[in-house]
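A.B. asks: Based on the provided sequences and hints, a complete structural model is requested.
As a plain string of letters, each chain reads:
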Amino acid sequence: MQQQIFTLVGKREIARSVFELHLAGDAGAIDRPGQFVNIKVEGQFLRRPISVCDRTPDGIVLICRAQGEGTRRLCAAAPGTPFDLLVGLGNGYDLDACAGHNPVLVGGGVGVPPLYWLAKELVKRGARPVAALGFNTAADVFYAREFAALGCDLLLSTMDGSQGDKGVVTETIAARAPQCDYAYCCGPEPMLKAVWSMPQTLDGQFSFEERMGCGFGACMGCTCKTKYGDKRICKDGPVLRKEEIIW
Amino acid sequence: MVDLSVNLSGLRLDNPVIPASGTFGYGREFAELYDLDLLGSFSFKGTTREPRYGNDTPRIAETASGMLNAVGLQNPGVDEVIRRELPNIAKIFHKPVIANVSGFSIDEYVECCAKLDAQPQVGILEVNISCPNVHGGGAAFGVTPEGAAEVTHAVKAATTKPVYMKLSPNVTDIAAIARACEQAGADGISLINTLLGMRIDLKKRAPLLGNKTGGLSGPAVFPIAVRMVYQVYEAVNIPIIGMGGVMNAEDVIELMLAGASAVEVGAANLVDPFACKRIVETLPAVCEKYGIEKLSEITGGAHR
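For the protein sequence lines, the chains are A and B, in the order given.
Quick note, the first sequence lines up with residues 1 to 247 if you use the working numbering.
Quick note, the second sequence lines up with residues 248 to 551 if you use the working numbering.
By construction, these hints were calculated from the structure, which means they are not laboratory data.
Don't take each hint at face value.
Now the stretches of chain A that chain B is said to cover, found in silico as 3 or more residues with beta-carbon under 8 Å [as the list claims (entries may be wrong)]:
{"id": "1", "region": "39 to 47"}
{"id": "2", "region": "210 to 222"}
Calculated Cβ distances over 12 Å to all of chain A for the following chain B residues [to be verified]:
{"id": "3", "residue": "Met248"}
{"id": "4", "residue": "Gly257"}
{"id": "5", "residue": "Glu279"}
{"id": "6", "residue": "Ile307"}
{"id": "7", "residue": "Ala337"}
{"id": "8", "residue": "Pro379"}
{"id": "9", "residue": "Pro392"}
{"id": "10", "residue": "Gln430"}
{"id": "11", "residue": "Leu455"}
Ideal placement from N, C-alpha and C gives every residue a C-beta, glycine not left out.
C.D. replies: So this is what it looks like as structure tokens:
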């Protein structure tokens, strides 16, 4: 982990209240997709943990939904604003684990961003991942084109059917039966559990969310039980392997 | 050259800055960031006789100028702390540490304190009496002078090292409880622990924390800490470790003027992992600004 000052150099609203933020700074401590940063936002006591969506030559891309006071302030910041970030947090996804398998990346809502950098890295390694993305409605959809542009086979679902298939991502995967047998997931817990329970996916890694105090393993605020003992979501996670998860 | 050294019951600290229990683990995460030897000491994670998982999540909620936590004393238990954590602490920190102990019965306090008392690197036992007494109807030991004195007396009889009683602020008369601890043989007082609070999730219409209630910390509680340290300083003649929302060197000086001999830094570590390092490094300049040459001499300086 490192503490670094990043500067907001660009932003755009990519879906309803969802912003893509480009931050310039030293991202050297971030080495794996699935890791997150913890951002200090003016006026808020605790930092805001946000997963890394991509690395750029001069920094990182984050995708953030303006939801509460802290994220609203973050998304409203003007380019040029400096931010204090803790970088290189969390274990991230293990990319080697899917060797010999066909990966499917399953993302829900603002759980989609870390899968983008992951998809990029998997494509670099010669994989052609399936990207199964789920959103509530068409106004919430983002990055569908970006995943397709990477060379992923895209499966898009919305709860109301306003874009892509109607229903949840696991229904789309079950109906369309893509060739895949290893899942990388990030999204709301019911989605993670649904993917975990799918018969056609043999194995996988699941990124969890929990309210955090510090984000780097000191406060024990985000502990969960696993088959391999108690784990801190921020430090020993956020990515857990399928076999260790206890629901 | 400002003299930052302070003294706690004969234990000389290079400076008064001590990371507070529960915000610093057993030092591992912070030792990767900076040299822990620049600290005065550190108070490690609250340790109990048995291993504890702690409370259900969510364990953390944000508040204006602070946070609630309901971690629930997650720790691997005293035997595992001695077997696995203390040898690692010896590698990353080369000064006496403060062993923070919690218990749910007198027996548990005694057994846990006696085991930690026997560890060479432990310089002070800091006994948290904010936990409910499972044999006493669930009320915390620390909410009555009798309960506080009972724990103090039992721990003192089983140990040789200085015993600092860590007081709960959730009481009507903090001075009376501090006095009871002193009379029962306590070597010092640590305060304040967190203040009991609650947040409610508007969508779920239910308490936000898994444990429903949690302890409030952060700058929101700092004025309460100053007031309580001030009151306890007037009530007892034993040293005080002050804490509660300390964020910077000025706060350290303020708590010392109120009556603290040393100061613990808690929630600040969580939002700024370099908080203690920054405070230690800025203390000399802030002391000079206020004409302080020997920091230990300002303890209680606000009492006239």
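A.B. asks: Take the hints in turn and mark each one as holding or not.
C.D. replies: Results of checking the hints against the structure:
1. Coverage of the region 39 to 47 of chain A by chain B holds [criterion: at least 3 residues with CB-CB distance below 8 Å; count 5].
2. Proximity of the region 210 to 222 of chain A to chain B, defined as three or more residues with a beta carbon under 8 Å from a beta carbon of that chain, is established by the 12 residues found.
3. For Met248(B), the shortest C-beta to C-beta distance to chain A comes to about 29 Å, beyond the 12 Å cut-off, and the non-interface label holds.
4. With a cut of 12 Å on Cβ distances, Gly257(B) stays outside the contact zone with chain A, its closest approach being about 30 Å.
5. For Glu279(B), the non-interface assignment is contradicted: its Cβ lies about 7 Å from the closest Cβ of chain A, within the 12 Å cut-off.
6. Ile307(B), annotated as away from the interface, has a beta carbon of chain A within 12 Å; the closest lies near 4 Å.
7. Listed as a non-interface residue, Ala337(B) keeps its Cβ farther than 12 Å from every Cβ of chain A; the least gap is roughly 20 Å.
8. Against the 12 Å criterion, Pro379(B) stays outside the reach of chain A, whose nearest CB is about 19 Å from its own CB.
9. No Cβ of chain A comes within 12 Å of the Cβ of Pro392(B); the nearest lies about 31 Å off, and the non-interface call holds.
10. The Cβ of Gln430(B) sits about 35 Å from the closest Cβ of chain A, beyond the 12 Å cut-off, so the non-interface label holds.
11. Not every Cβ of chain A is farther than 12 Å from the Cβ of Leu455(B); the closest lies at roughly 8 Å, contradicting the non-interface assignment.
Of the numbered hints stated above, those contradicted by the structure are hints 5, 6 and 11, listed in ascending order.
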